[in-house]
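Asker: Since the structure of chain A is provided, determine the placement of chain B on it from the hints.
Protein chains in written order, with our numbering: chain A, 747 to 1009; chain B, 747 to 1009.
In short, the hints are calculated from the structure, not lab data.
This structure is a prediction, so every number in the text was calculated from the model and none was measured.
Any given hint could turn out to be false.
Claimed, not checked - Simulated coverage check for chain B against chain A, where a stretch passes if three residues somewhere in it have a Cβ under 8 Å from a Cβ of chain A:
{"#": "1", "stretch": "752-758"}
{"#": "2", "stretch": "761-767"}
{"#": "3", "stretch": "771-784"}
{"#": "4", "stretch": "829-838"}
{"#": "5", "stretch": "842-854"}
{"#": "6", "stretch": "889-896"}
{"#": "7", "stretch": "998-1007"}
Unchecked claim - If you want the ones that stay clear, here's a sample from chain A, every Cβ over 10 Å from chain B, calculated:
{"#": "8", "residue": "G817"}
{"#": "9", "residue": "T839"}
{"#": "10", "residue": "W927"}
{"#": "11", "residue": "G952"}
To be verified - Beta-carbon label-pair distances, calculated as ranges:
{"#": "12", "chain 1": "B", "residue 1": "W852", "chain 2": "A", "residue 2": "D837", "range": "20 to 30 Å"}
{"#": "13", "chain 1": "B", "residue 1": "T814", "chain 2": "A", "residue 2": "D837", "range": "47 to 57 Å"}
{"#": "14", "chain 1": "B", "residue 1": "A896", "chain 2": "A", "residue 2": "A967", "range": "29 to 39 Å"}
Glycine residues also receive a C-beta, built at the ideal position from the N, C-alpha and C atoms.
Number of protein chains: 2
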Amino acid sequence: MNGAVASDDRGLAYGDGLFETLRVSAAGDTPLWPRHRARLLDGAARLGIPVDGAALERCRADALAGDTGAGVLKLTLTRGPGGRGYLPPDDPTPTLFARRGGLPPWTAAQREQGVQLGVCDTPLGLDPLAGCKHLNRLPQVLGRREVAAAGWDEGLMLDEWRRPVEATAMNLFAVFGHTLWTPSLERAGVAGVARAWLLERAAADGWCIDVRMRPLSHLRAADGVFLSNAVVGVLPVRKLAQWVWPVPEPVRRFQRDLDHLFQ
Amino acid sequence: MNGAVASDDRGLAYGDGLFETLRVSAAGDTPLWPRHRARLLDGAARLGIPVDGAALERCRADALAGDTGAGVLKLTLTRGPGGRGYLPPDDPTPTLFARRGGLPPWTAAQREQGVQLGVCDTPLGLDPLAGCKHLNRLPQVLGRREVAAAGWDEGLMLDEWRRPVEATAMNLFAVFGHTLWTPSLERAGVAGVARAWLLERAAADGWCIDVRMRPLSHLRAADGVFLSNAVVGVLPVRKLAQWVWPVPEPVRRFQRDLDHLFQ
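So here's chain A without its partners, still in its complex pose (with noise of 0.2 Å):
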């Protein structure tokens, strides 16, 4: 399962592939893997790598097969090894595995009281397969850096207009009264699980749903800001730069419906 990829492997010649990674429960469940698998299918569809949906649920089974517990599961697909230059074989033989690995290390403190964001230098330009969660993560990397130098706990990335699109590693979000927005990402950006099933949810406990791209500004008058991910669940803003939130009980609702999810 830890083993090794072909050197001539188009992941690592060209990001050539996409991944998921999945919140494993205490009791082995991975309760988000339908919209996992779905993702995965649809990305795989866009950019023509042939796979089916049997093989990424033997794929999932046999690695939960052994040790479980609480954790990650990151599930790696890829075209596969070969090709001339850019041009992808006529028949791909595609690379998929998965590995295992511990929770994020948030505290129970930053859950409940919230984070620190920064703003990352590092743009998020016009990406062709916005959306996808394609191995072309090197903003993401950039990102993170800046957050790691910064001491930052998270780093929002800017499109080219100074528009929010997500964090490094999180969708964004935030509670306007009975509002709930969230950016668009037609241009750039993951299409986060956890952020669709929380659209959902919060749509069917009649919230209103805005999703489209607004000024960084459009923040400052949030009653409530956080970020979500299908690993962590719902985590807290509590500061960026100058302005301060509080965390509302919506959030905290929000957060509680994803724990539960995930327990």
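Answerer: Relative to chain A, chain B alone:
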């Protein structure tokens, strides 16, 4: 040399690395090596990957020590395994390896009479690492698939304002009287070593050098259009949609100069 890479290598996980593709002469020389090495070191510095020139020299020398003969030598440098998600490890152990390959299958007729270009739909968005030959190459993979589907020889990739940046695997040039034009690659594209060599050569020969972004229509009035890279040298362009260009003497001279270097 043609081995395997750990499945948690950051080159595979995020495209967190760089590559160089060198032309190897029949005598086993790599005439543009100092430029390749300089670009690789520059990219490594921008990414924060610790590597020294001596390690690159050894890797190249070892790869050329065995079978020689004309062909291609590809060097890949990644940040190596590890890290916590996108955050690189503090003290990375880079992965560096070489692979030999054959020359691309351009025919004598294509090199003599020129090739047919198309215009790819896949855009090249803002790249925070513009100029670097990094491992995030999904736009080029998508573009190259368009070229194959349409039956072109190569494809021009445009920015969001439909200005040509480069072809999928080659830089773009055009000749207008005594002026040699090439796109400026400030926001996207790979700063080719053959491109740099040609620009210096042309400037030394008294050409007026015009390095800036121009609309696609700028090409219409060109005396001649050509592509370059460090493996193929110069490839004249004969046709793009309804536009047809001859192969003027200056383009043949640039081609001969680079072919001479590669002998």
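Asker: Now tell me, hint by hint, if it's right for this structure.
Answerer: Hint check results:
no.	hint	in the structure
1	752-758	holds (count 7)
2	761-767	holds (count 3)
3	771-784	violated (count 0)
4	829-838	holds (count 5)
5	842-854	holds (count 4)
6	889-896	holds (count 5)
7	998-1007	violated (count 0)
8	G817	holds (14 Å)
9	T839	holds (15 Å)
10	W927	holds (24 Å)
11	G952	holds (35 Å)
12	W852(B) / D837(A): 20 to 30 Å	holds (24 Å)
13	T814(B) / D837(A): 47 to 57 Å	violated (32 Å)
14	A896(B) / A967(A): 29 to 39 Å	violated (49 Å)
Checked against the numbered hints given earlier, this structure breaks hints 3, 7, 13, 14; the rest are met.
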